[in-house]
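Residue numbers (numbering that gives the first Met the number 0), protein chains in the order written: chain A, 0 to 372; chain B, 0 to 282; chain C, 0 to 155.
Among these hints, one or two may not hold up.
To be verified - In silico contact screen, one side only, chain A against chain B (beta carbon under 7 Å); selected entries:
| id | residue |
| --- | --- |
| 1 | Glu-68 |
| 2 | Ser-70 |
| 3 | Trp-93 |
| 4 | Ser-94 |
| 5 | Glu-96 |
| 6 | Phe-102 |
| 7 | Pro-106 |
| 8 | Ala-108 |
| 9 | Asp-109 |
| 10 | Ser-277 |
| 11 | Val-282 |
| 12 | Trp-293 |
| 13 | Thr-295 |
| 14 | Ser-337 |
In short, the hints are calculated from the structure, not lab data.
In this text, a Cβ means the ideal position worked out from N, Cα and C, and glycines have one as well.
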Amino acid sequence: MSADAGSRFVIDDPSALVSALLDDGWRVLGPRLRDDAIVYDEITGPGDLPRGLIDDQEGGHYRLRAGREASWFDYVVGPQSWKKWLFPARQKLWSAEKTGDGFDINPAADDWPKTVFFGVRACEIAAIEVQDRVFDNGDFADPGYRQRRAATLIVAVQCARSAATCFCASMNTGPHADSGFDIALTELADEAAFLVECGSARGAAILDRLEMRVPEEGHLRAAEAASKNAADSQTRRMVDDIPNLLREKLDHPHWEVVADACLSCANCTLVCPTCFCSDVEDVNDLTGDHTERWRTWDSCFTADFSYVHGGSVRRSTKSRYRQWLTHKLSTWHDQFGSSGCVGCGRCIAWCPVGIDITAEAAAFATDPEQSGD
Amino acid sequence: MLVVQDQEPDPMLPRRYRVRSTWAELAGVTSVELTPVDGAAVAFRPGQFNMLYAFGVGEIAISISGDPAEPQRLIHTTRSVGAVSAALTKLCEGDMLGVRGPFGSAWPVAAETGRHIVFVAGGLGLAPLRPAIYHVLEHRERYAGMTLVYGARSPDELLYAEEIKTWKSRFDTEIEVTVDHANPAWTGRVGVVTSCLDRALAGIDPAMVSAFLCGPEIMMRFSVMSLADAGVPPDRVWISMERNMKCAIGFCGHCQFGPDFVCRDGPVFRHDHVAPLLSMKEI
Amino acid sequence: MRIHGIEEILSEHPVFKAFDKETLELLAGCARNEHFRAGDRIFAEGDPADKVFLLRHGDAAVEIATSERAPIIVETLHAGDVLGWSWMVPPYRHMSDARAMTEIRAVSLGADCMRTKCDDNPALGYQMFQNLLPHMAVRVRALRMQVLDIYGTKKG
Numbered sequence: 000m001s002a003d004a005g006s007r008f009v010i011d012d013p014s015a016l017v018s019a020l021l022d023d024g025w026r027v028l029g030p031r032l033r034d035d036a037i038v039y040d041e042i043t044g045p046g047d048l049p050r051g052l053i054d055d056q057e058g059g060h061y062r063l064r065a066g067r068e069a070s071w072f073d074y075v076v077g078p079q080s081w082k083k084w085l086f087p088a089r090q091k092l093w094s095a096e097k098t099g100d101g102f103d104i105n106p107a108a109d110d111w112p113k114t115v116f117f118g119v120r121a122c123e124i125a126a127i128e129v130q131d132r133v134f135d136n137g138d139f140a141d142p143g144y145r146q147r148r149a150a151t152l153i154v155a156v157q158c159a160r161s162a163a164t165c166f167c168a169s170m171n172t173g174p175h176a177d178s179g180f181d182i183a184l185t186e187l188a189d190e191a192a193f194l195v196e197c198g199s200a201r202g203a204a205i206l207d208r209l210e211m212r213v214p215e216e217g218h219l220r221a222a223e224a225a226s227k228n229a230a231d232s233q234t235r236r237m238v239d240d241i242p243n244l245l246r247e248k249l250d251h252p253h254w255e256v257v258a259d260a261c262l263s264c265a266n267c268t269l270v271c272p273t274c275f276c277s278d279v280e281d282v283n284d285l286t287g288d289h290t291e292r293w294r295t296w297d298s299c300f301t302a303d304f305s306y307v308h309g310g311s312v313r314r315s316t317k318s319r320y321r322q323w324l325t326h327k328l329s330t331w332h333d334q335f336g337s338s339g340c341v342g343c344g345r346c347i348a349w350c351p352v353g354i355d356i357t358a359e360a361a362a363f364a365t366d367p368e369q370s371g372d
Numbered sequence: 000m001l002v003v004q005d006q007e008p009d010p011m012l013p014r015r016y017r018v019r020s021t022w023a024e025l026a027g028v029t030s031v032e033l034t035p036v037d038g039a040a041v042a043f044r045p046g047q048f049n050m051l052y053a054f055g056v057g058e059i060a061i062s063i064s065g066d067p068a069e070p071q072r073l074i075h076t077t078r079s080v081g082a083v084s085a086a087l088t089k090l091c092e093g094d095m096l097g098v099r100g101p102f103g104s105a106w107p108v109a110a111e112t113g114r115h116i117v118f119v120a121g122g123l124g125l126a127p128l129r130p131a132i133y134h135v136l137e138h139r140e141r142y143a144g145m146t147l148v149y150g151a152r153s154p155d156e157l158l159y160a161e162e163i164k165t166w167k168s169r170f171d172t173e174i175e176v177t178v179d180h181a182n183p184a185w186t187g188r189v190g191v192v193t194s195c196l197d198r199a200l201a202g203i204d205p206a207m208v209s210a211f212l213c214g215p216e217i218m219m220r221f222s223v224m225s226l227a228d229a230g231v232p233p234d235r236v237w238i239s240m241e242r243n244m245k246c247a248i249g250f251c252g253h254c255q256f257g258p259d260f261v262c263r264d265g266p267v268f269r270h271d272h273v274a275p276l277l278s279m280k281e282i
Numbered sequence: 000m001r002i003h004g005i006e007e008i009l010s011e012h013p014v015f016k017a018f019d020k021e022t023l024e025l026l027a028g029c030a031r032n033e034h035f036r037a038g039d040r041i042f043a044e045g046d047p048a049d050k051v052f053l054l055r056h057g058d059a060a061v062e063i064a065t066s067e068r069a070p071i072i073v074e075t076l077h078a079g080d081v082l083g084w085s086w087m088v089p090p091y092r093h094m095s096d097a098r099a100m101t102e103i104r105a106v107s108l109g110a111d112c113m114r115t116k117c118d119d120n121p122a123l124g125y126q127m128f129q130n131l132l133p134h135m136a137v138r139v140r141a142l143r144m145q146v147l148d149i150y151g152t153k154k155g
């Protein structure tokens, strides 16, 4: 059976796909269980994929517990995103060596084998596409990012359920991924099968190695129902017209209310799959002859972030939260033509005080005169 | 689909330059002239900046203060305030440093041909304006007029003082210099830039004025008010902004000012574009 | 004819041009022409503030003397400016030195004469307030900016 972009098939479980990828020499990165959370790390075989787990998520809350026995993908997103692979938290940009009359600069080698992101959710595909626009902004491109991205195959998993923190449906980024993947899987629990969608020629080349069946009407209906269930079960949503709303609300009294709760800890920016701010630091050896330039994740919640000589521009927590929220939901549109939020809900679950971006956004839709704050 | 070309230039990789000469401007303020080691000189537009890298110390954004008509003489003026700027002011002839750039937007000198250009500079803010001043002086016949209003802390802290005298000696420029305080040896003005600007504007048709401002944000804020009061059209005023910059290419996020990246969309902004946010605190 | 000349001069000064002819005639009675050569002391700290100077040509430096070093020029005033405001505030004594930086031509108004006229005619006093205060406000705002030392190096 020959696959091409747009064709659909049925397989029993994803094991054969994982094995086929590994046999073909791909590095497979996918969900693994570590420290009671789902993280994205290297997979050495189908047995590494966590089974039978489901996540409970709420403001400031994430717990894994036993779910349907032997289920593959009932949990949704954990604290990590694929950002940590495409845009590493700490990355050497170049090094320099002192010479007799100056110094030589050597670009850092970027060893990125052909890699599969296995188990990418719709909101995460949207997040990767957001960062694609950040790191190739029309004037400048990050060649390292682009090389990693081009050498990465995306195997998506269509969510069949949502966590309480999910709100991708209102961001139009999910729960069903229509594009942006090479292969997509939908777990059909009642059929003990997976619907496979082929998204690209690269995906087809892999799928051609698998034993696959033609989907029956029941498979297609079950897959549709799974996506519909995931969308319908979402309890949170982003208020309408938030980009324009926030433009007018920079003086709204509610910023003070959020600032009272916010610890300015930067967790939200670290778990956010689109936050891209970074710092650079120079690391020298003791001889002073060798130096390296490293890029590290940074956060608009730190005092140093807005430092200009003489002091920081954003001294208060209020101004930092305002920067984060207005950038994420409003000015991101001006900069990159889309929202910076994909509705994954990570910032809600991993906020130590449970600040809820959807509730905060909604608060700004309230007239300050009537807000009763 | 992303297309990857071979040998894509990495905008984070500095090119090596060598110090051709260096001279003190003021106490703690030094200019360096650089010449490329790797490749040819790069053209720049007035108002743009480079990221200068001192080996083993770090990298900072410094505006280009030389003549855009002579890009082979790449000049930067730096005040020693932090570790990197201190290293840059201690460079000697023959030393090597890294350069990325030029980056950012420029003073619209070509688009404002035919206008009376009013430069308003404060302190070291004269450095980013100097390339535009050179351009206007070299093509003076293309402009209706040229006025420079320059404020500094004291007579000892007037940047490019000798050069200002030569500009003043031309008959086709108006140069007004003022300092915040002075001793009796000073024969010039003492007072703030805005008072000086009000006077300078009194003799000019405000409709013809295009103003380029660079200096402390507070000085620019009040100067813009003076320009507006005099009747200068709001869409003919440009300012140069300063924010924290780490990458200069819109990747690191530090320099964001509302929707703008100061490094890419600025540092030179038309004032009415940024005015609503300039009056907000902690943006 | 000399009085007529002073009225004209007053009517051309930025601060006084808003006054009507009648008021200018009234003020002209307190006015006289002044001339200083470069370097002349116009008034000194502690002097009775018996005059206010409306500068027509030339530059004046307002200075504060210090014991340990040269006087500091805190402000320079130029054609169109008003030099001296201590005449309005008791005890009517100058709190700074004023020196002619160049040759200066000015009109002075006698402080006693002005105060008497204003006492007799509160409407005139109010007009003086309306026209002098904006000029004073500009200078106070300017001094605030100077206090900020905005060009100073800020080590953070």
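Verification of the hints:
{"no.": "1", "hint": "Glu-68", "verdict": "violated (40 Å)"}
{"no.": "2", "hint": "Ser-70", "verdict": "violated (33 Å)"}
{"no.": "3", "hint": "Trp-93", "verdict": "holds (6 Å)"}
{"no.": "4", "hint": "Ser-94", "verdict": "violated (11 Å)"}
{"no.": "5", "hint": "Glu-96", "verdict": "violated (10 Å)"}
{"no.": "6", "hint": "Phe-102", "verdict": "holds (5 Å)"}
{"no.": "7", "hint": "Pro-106", "verdict": "holds (6 Å)"}
{"no.": "8", "hint": "Ala-108", "verdict": "violated (12 Å)"}
{"no.": "9", "hint": "Asp-109", "verdict": "violated (10 Å)"}
{"no.": "10", "hint": "Ser-277", "verdict": "holds (5 Å)"}
{"no.": "11", "hint": "Val-282", "verdict": "violated (10 Å)"}
{"no.": "12", "hint": "Trp-293", "verdict": "violated (11 Å)"}
{"no.": "13", "hint": "Thr-295", "verdict": "violated (10 Å)"}
{"no.": "14", "hint": "Ser-337", "verdict": "violated (13 Å)"}
Going down the numbered hints, you'll see the structure goes against 1, 2, 4, 5, 8, 9, 11, 12, 13, 14, while the others check out.
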